[in-house]
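**Q** Residues per chain are reported as follows:
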Amino acid sequence: MRDLQLEQLIAPVPELGLVAANGPADPAPELVVEDGVVTRLDGRSAAEFDIIDRFVVAHGIDIGVAAEAMAVDDLALARMLVDVDAPRSELVRLSRGLTPAKLARVIGLLDPVELMLALKKLRARRAPGNQAHVTNLKESPALLAADAAEAARRGFAELETTVGVARYAPLNAIALLVGSQTGRPGVMTQCAVEERRNLELAIRGLVTYAETLSVYGTEPVFVDGDDTPWSKAFLGAAYASRGVKVRFTSGTGSEALMGYAQGCSMLYLEARCLAVVRAAGSQGVQNGSISCVALVLSVPGGTRAILGENVLAAWLDLEVASGNDAIASHSEIRKTAKLMGQFLPGTDFVTSGYSVMPRHDNTFGGGNFDADDLDEWLTIQRDWQVDAGIEPVSEDELLRVRERAARAAQAVFAELGLPAISDEEVAVATSGYDAREMPDRDRAADVEAADELLARGVSGLDVALALDRRGFDDVSTAVLGMQRQRVAADYLQTAAVIDADGVVHSAVNDPNEYAGPGTGYRLEGERWALLQALPQVVAPTDLLGGAGADAEPIVSEGGVAAKGDEPVDVVVAVGPAFADVIRRTIGDLEHRAVLEAVCEGVRDGGGAPRLVRIRRVADVAFIAHDGARLSGSGVAIGLQSKGTAVIHRADLQPLDNLELFGMSPLYTLESYRAMGRNAAGYALGRRVGPVPTELDNFARAKLIVRTTLLHARETQAVVPGAEPVELELHA
Amino acid sequence: MAFDPKSDYPLGSRRPDLVATPRGTPLADVTLDAARAGALGAAEIRATPETLRLQAEVAREAGRAQLAESLERAAELAAVPDDLLLEVYTALRPRRATATELETWATRLEGYDAIRTAAFVREAATAYAARGLLAGG
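Those protein sequences? They're chains S and L, same order as listed. With the first sequence counted from 1, adding 379 to any position gets you the working numbering. With the second sequence counted from 1, adding 10 to any position gets you the working numbering.
Hints are computed from structural coordinates only; laboratory data are not their basis. Careful: at least some of the hints might be erroneous.
As the list claims (entries may be wrong) - To give an idea of the chain S side of the interface with chain L (calculated C-beta under 8 Å), a few residues: (1) I430; (2) W609; (3) A879.
Claimed, not checked - Restraint ranges, calculated between C-beta atoms of paired labels, are given here: (4) L:S17 with S:A894: 15 to 25 Å; (5) S:Q384 with L:S17: 53 to 63 Å; (6) L:D123 with S:P914: 54 to 64 Å; (7) L:D14 with S:A465: 23 to 33 Å; (8) L:K16 with S:E394: 44 to 54 Å; (9) L:G48 with S:R713: 19 to 29 Å; (10) L:L94 with S:P599: 25 to 35 Å.
Unchecked claim - From chain S, some residues computed to sit far from chain L (all C-beta separations above 10 Å): (11) I389; (12) P403; (13) A445; (14) R779; (15) V866; (16) A868; (17) R901; (18) V916; (19) R1028; (20) P1071.
The beta-carbon is built from N, C-alpha and C at its ideal position, and this holds for glycine as well.
Given only the sequences and the hints, what does the whole structure look like? Please build it.
**A** Here's what the structure looks like:
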């Protein structure tokens, strides 16, 4: 059964909000302002405003630009979104006066390619980035630290953890803080827990940002989420008051999932959410359906709507961490197709949670893309020449940072009086695959210690000092560096990331200025060189399996080959590089063994084999045909260095043949013996049954590179116009 | 030197002279040495109202009015103790506080000169009353 059959596709059910965009009950865009007061918004009068409308009206609509913006035709706005000459600043200015229904309607006019171009234009920060999930089933701190270090080293700018058991929060936060700074100073870390607990961790500097301040598109769902736009906005300001960066979270499908979509489309309700996010003064949002992605993908146009909501968020001048974290589909093909909407244009964080560890250890119920997919993600970046925020790192370097991070965590736990991390935990965390290999910890002791740590008031500063006392100088400096960021508060600006030198790059000092080809962020130069250099990239010479310059010769060349006159003479014609600079076929058979097998076969068939080297061409048909014209029987077998073979006859056209053997990766020595026997059979005029053909449709994908390189090497050995020479195989 | 919200950002790199901790330690002195010597406590590791107001100016200059407003509220809340912060947040959640209680919270915030935030809380109270989101219905 194919993976796709494990999930459901449904026809839209608008009454339940199960429609991606342009829902039949979505209100028409509307804004009525009387004496500077909004009296009607998107189909409702002021008396009918719900808590979301009230908040958006109070803080989210710029009356000064509203009349102008709402008067712009929907299609005209849509065209501006894809016009490289329409500046981002102008689009943002107009967005300040647009209502949710208008925003949703305009986005609803764009097709996928248009949406991708719009996203590329509207991204807040110049360069794309990425965020990783770092969790494990045992909440093992050494493993959290090691995985955090790997994630940081691989270029993730933010790391998110969570808890299986709520009381583990401070320990997980500390493990992430220590591990991240070991991998790369400046990486931001969060621990997704209940709002109040989250704020406490932030106040202490055990986490350096927060993300899961969720908002919803209908009042009943918002209330079921135990918040209002006002409480969420206050919370955002509370984090900022402690110098901590925050983004809100929203996403299509949540209202339908929670039972109160009020008959509206997913995209329209998300537009309401984003209006709240901007109105609340958040610098950014995590959106793109997030946990509800599979629901949105069940209806037609779901992937398009999700891309649309990312575009909408960027249009509102918000930082965007664009989903791709919860599992979108069982089908690898389908979920990767969905990913391309954000991957190709680039967003501030292409995923809001790439599972840097194996999916089994992802306690978010995520792992849409995980540790096992890293090679493919990197290869796809290289295929497209697109930066999607992950860097290749050598195995040795990963092991180094993983071990160091686990050691640093061990040191901190010891200094802070927490239950010890053993040397065995460090060793397994360094090179193990997932938490199943980790030794069990005394969980009761851990949670007790965590409670006590909070009660004691342990802070990020204490973590820095602990590292300092144990000699982890660079990590302690980096941890302190993150605390300094909270004092300067630079990273509270829109779309901020922090580089390894502690310098903040945000939409303020590093804005996206894309305005068409030749502008904006382009993957080139040093960064492109880095992203191309995957560990599995092979030096082309390694693929040739050739002989060194001083290798022992296998064959000797004699004089110019003459036309034979024996009727049993069967020429075995080899290419210019055969058994010389190239000594193995693409199927890894030694040329000596191949020659012996062919000659054996010829003799078995009653022929007399004669070895000849054709020097003037590298093409197998011409090699064989030249050989046939020299042959006493008129029959020859031609062999290229890569192993391709042809049985030919002098009276045939060069590109015709008696038998062609093109699947060289599949041949064994027995195959070559059979070819020799058949050649003899043709020479002696017997009835010959052709050697059965086999097919491997993946042969090209696997071997086309080696084929190309081998053939290029053979072609290099061509001497134009050179006479063929007799060959003798050494014993 | 006057503050230029465009060219003086990031403050940490370009104008560290303008950044200090609540007790007045300059950013340049927020170091491991200071922490080791006991001159730096966890309560020092946060932005001051002054710093947050500068960041609000930066946001405003970049055209982000609501972000600037949030940073202004944050500047006010920087002076508010942790406990009070968490209590006000809880009171603003659905059906947690009566109109009177929210008014009391607003007044307490005003006691810390958190004028904008107090107004924000009062605004919430009015909206909650209209939508049945106060405690006791």
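**Q** Among the hints numbered above, which are violated by the structure, and what are their numbers in rising order?
**A** 3, 9, 15 and 16
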